[in-house]
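J.: Chains as they are written, first to last, in my numbering: chain A, 18 to 148; chain B, 18 to 148; chain C, 18 to 148; chain D, 18 to 148.
A few of these clues could be false.
[To be verified] Some chain A residues close to chain C (C-beta under 10 Å, calculated; not the full set): (1) Trp33; (2) Glu35; (3) Asp37; (4) Ala39; (5) Ile41; (6) Phe43; (7) Asn46; (8) Pro84.
It should be emphasised that the hints constitute simulated quantities derived from the structure, not laboratory data.
Note that the coordinates shown come from a computational prediction; the quantities given were computed from them, not determined experimentally.
All C-beta atoms in this analysis are idealised placements derived from N, C-alpha and C, irrespective of residue type, glycine included.
Number of protein chains: 4
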Amino acid sequence: MQTTGRTSKTELRVRWGETDAAGIVFYPNYYVWFDVATHELLRGRFERGFGFPIIESGAKFHAPLFPDDSITIESVVADVRTKAIRLEHTVRRGETLIATGFETRVFVKLLVGGIEATPLPDDLRNFLRGS
Amino acid sequence: MQTTGRTSKTELRVRWGETDAAGIVFYPNYYVWFDVATHELLRGRFERGFGFPIIESGAKFHAPLFPDDSITIESVVADVRTKAIRLEHTVRRGETLIATGFETRVFVKLLVGGIEATPLPDDLRNFLRGS
Amino acid sequence: MQTTGRTSKTELRVRWGETDAAGIVFYPNYYVWFDVATHELLRGRFERGFGFPIIESGAKFHAPLFPDDSITIESVVADVRTKAIRLEHTVRRGETLIATGFETRVFVKLLVGGIEATPLPDDLRNFLRGS
Amino acid sequence: MQTTGRTSKTELRVRWGETDAAGIVFYPNYYVWFDVATHELLRGRFERGFGFPIIESGAKFHAPLFPDDSITIESVVADVRTKAIRLEHTVRRGETLIATGFETRVFVKLLVGGIEATPLPDDLRNFLRGS
Numbered sequence: 018m019q020t021t022g023r024t025s026k027t028e029l030r031v032r033w034g035e036t037d038a039a040g041i042v043f044y045p046n047y048y049v050w051f052d053v054a055t056h057e058l059l060r061g062r063f064e065r066g067f068g069f070p071i072i073e074s075g076a077k078f079h080a081p082l083f084p085d086d087s088i089t090i091e092s093v094v095a096d097v098r099t100k101a102i103r104l105e106h107t108v109r110r111g112e113t114l115i116a117t118g119f120e121t122r123v124f125v126k127l128l129v130g131g132i133e134a135t136p137l138p139d140d141l142r143n144f145l146r147g148s
Numbered sequence: 018m019q020t021t022g023r024t025s026k027t028e029l030r031v032r033w034g035e036t037d038a039a040g041i042v043f044y045p046n047y048y049v050w051f052d053v054a055t056h057e058l059l060r061g062r063f064e065r066g067f068g069f070p071i072i073e074s075g076a077k078f079h080a081p082l083f084p085d086d087s088i089t090i091e092s093v094v095a096d097v098r099t100k101a102i103r104l105e106h107t108v109r110r111g112e113t114l115i116a117t118g119f120e121t122r123v124f125v126k127l128l129v130g131g132i133e134a135t136p137l138p139d140d141l142r143n144f145l146r147g148s
Numbered sequence: 018m019q020t021t022g023r024t025s026k027t028e029l030r031v032r033w034g035e036t037d038a039a040g041i042v043f044y045p046n047y048y049v050w051f052d053v054a055t056h057e058l059l060r061g062r063f064e065r066g067f068g069f070p071i072i073e074s075g076a077k078f079h080a081p082l083f084p085d086d087s088i089t090i091e092s093v094v095a096d097v098r099t100k101a102i103r104l105e106h107t108v109r110r111g112e113t114l115i116a117t118g119f120e121t122r123v124f125v126k127l128l129v130g131g132i133e134a135t136p137l138p139d140d141l142r143n144f145l146r147g148s
Numbered sequence: 018m019q020t021t022g023r024t025s026k027t028e029l030r031v032r033w034g035e036t037d038a039a040g041i042v043f044y045p046n047y048y049v050w051f052d053v054a055t056h057e058l059l060r061g062r063f064e065r066g067f068g069f070p071i072i073e074s075g076a077k078f079h080a081p082l083f084p085d086d087s088i089t090i091e092s093v094v095a096d097v098r099t100k101a102i103r104l105e106h107t108v109r110r111g112e113t114l115i116a117t118g119f120e121t122r123v124f125v126k127l128l129v130g131g132i133e134a135t136p137l138p139d140d141l142r143n144f145l146r147g148s
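So that you can see chain A by itself, here it is in the shape it has in the complex (with noise of 0.2 Å):
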């Protein structure tokens, strides 16, 4: 049985145009680092001409973050389906849990005017499950 797969870990320092007019870091940006983290996760691991477009997305807000603040994004696959994955996202400031996020992604063939969802080749499969 499988609990978690592949594994990655993202450093970032807060940008100040993060943040808002509350002084803490607007919450789409926590996206745009989900975002920023599964791509370093999946760096290199797929040829051009498929995609991981989004379907689903959530996240926990714990605790604010403040401008220059240093964050830990750990990302997790936590499950590998046929033709699509969840990735699973912890955002640390030091020791202090910030927020906790998920996105499901569809692998798809990229087409001329669209998508094709495709099953995941075995190497990538592997890859995904950290096996």
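Chain A is fixed; fit chains B, C and D onto it per the hints.
T.: Okay, now just chains B, C and D, sitting in the frame of chain A:
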């Protein structure tokens, strides 16, 4: 029994800069729009010194959006609790369902150096319930 | 002699997420709005397969903007050259001058794997000149 | 005579979300990076209660950037006036010149409900001059 509360409708046109190299809207921008729609719904409804920070959000993406697409965001206050509300947002391009999402927000008093969750005042509660 | 060309007017409301921890609009967003205004002005005026990438921009910031401020961007095609145009943008909140800026953009044909600067077609040139 | 002042170097990787439907970086993001680079250069160099709001910026774009490109931003304090500074930024991908730009920023004291331009303190001035 209250099933739905206050609603609002926000019309937007997809900005060129909201798309990404896949030619479609970069997904964190849906949350930017949810935030815009929530501000539309709440505008002028509570006093300075209070706020509605987010504690949870999520979205499902049904169909992509392209540059210049005209969209409508229908928002509804789906739940009104003592100190928190849940908003649900539906994004459509014409008749086409593009995305659905939600935000859970807590009502807070802004203090020096922090915030404190506080019960919704009656007039705000009534407004949110659409009554 | 041609002093000014085609104009357009774009109305926007400052989004909460466009501000930063100083409580005012984060300055790169002015360029986002310039781009929005330029798309307004050019919409539907040239064929697919062509584009107007930017080669220079600049702005002066006269007064800050706050969340929810309603603004007007007046844009004018200030110069039409063989293969390039200069747009000038003025941002106002009511009567108050907020910012001025410009963009220089080159007209290009999109090729496989690149772009090529190309002369403005006559109808586009006439439109840009406001004639 | 002082020709150049304090310098800094900022390394970034282009985020997927920083590109647009043309497949290249959406130009306002260069200003986001200039702001990041300026914060790098100024970090910890002045007290709370002061700020460096922008009054002018500009950029020339020489070559496009693509998703995942690794870039370096070299910044220099090109001018130190009584109450204002000019920073110049150069963006490169390896040896390739991508963009150049500048920011003019005023040193201000943050007051209740406003700001006031104020002379740079000596230690900050010396730091900025690179002396």
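J.: So, for every hint listed, does it hold in this structure?
T.: A quick look at each hint next to the structure:
1. Because the closest C-beta pair between Trp33/A and chain C is about 6 Å apart, less than 10 Å, the hint holds.
2. Contact between Glu35/A and chain C, as hinted, is supported at the beta carbon level, the nearest pair being about 8 Å apart and thus within 10 Å.
3. Interface restraint check: Asp37/A against chain C, minimum CB-CB distance 5 Å, threshold 10 Å, status holds.
4. Checking Ala39/A against chain C by beta carbon gives a least distance of about 8 Å; that is within 10 Å, so the hint holds.
5. At its closest, the beta carbon of Ile41/A sits 8 Å from a beta carbon of chain C; the interface hint therefore holds under the 10 Å criterion.
6. Look at Phe43/A: its Cβ gets to within about 5 Å of chain C, closer than 10 Å, so that hint holds up.
7. Taking 10 Å as the C-beta contact cut-off toward chain C, the hint placing Asn46/A at the interface holds, the least distance being around 8 Å.
8. Look at Pro84/A: its Cβ gets to within about 5 Å of chain C, closer than 10 Å, so that hint holds up.
Consistency note: the structure conflicts with none of the earlier hints.
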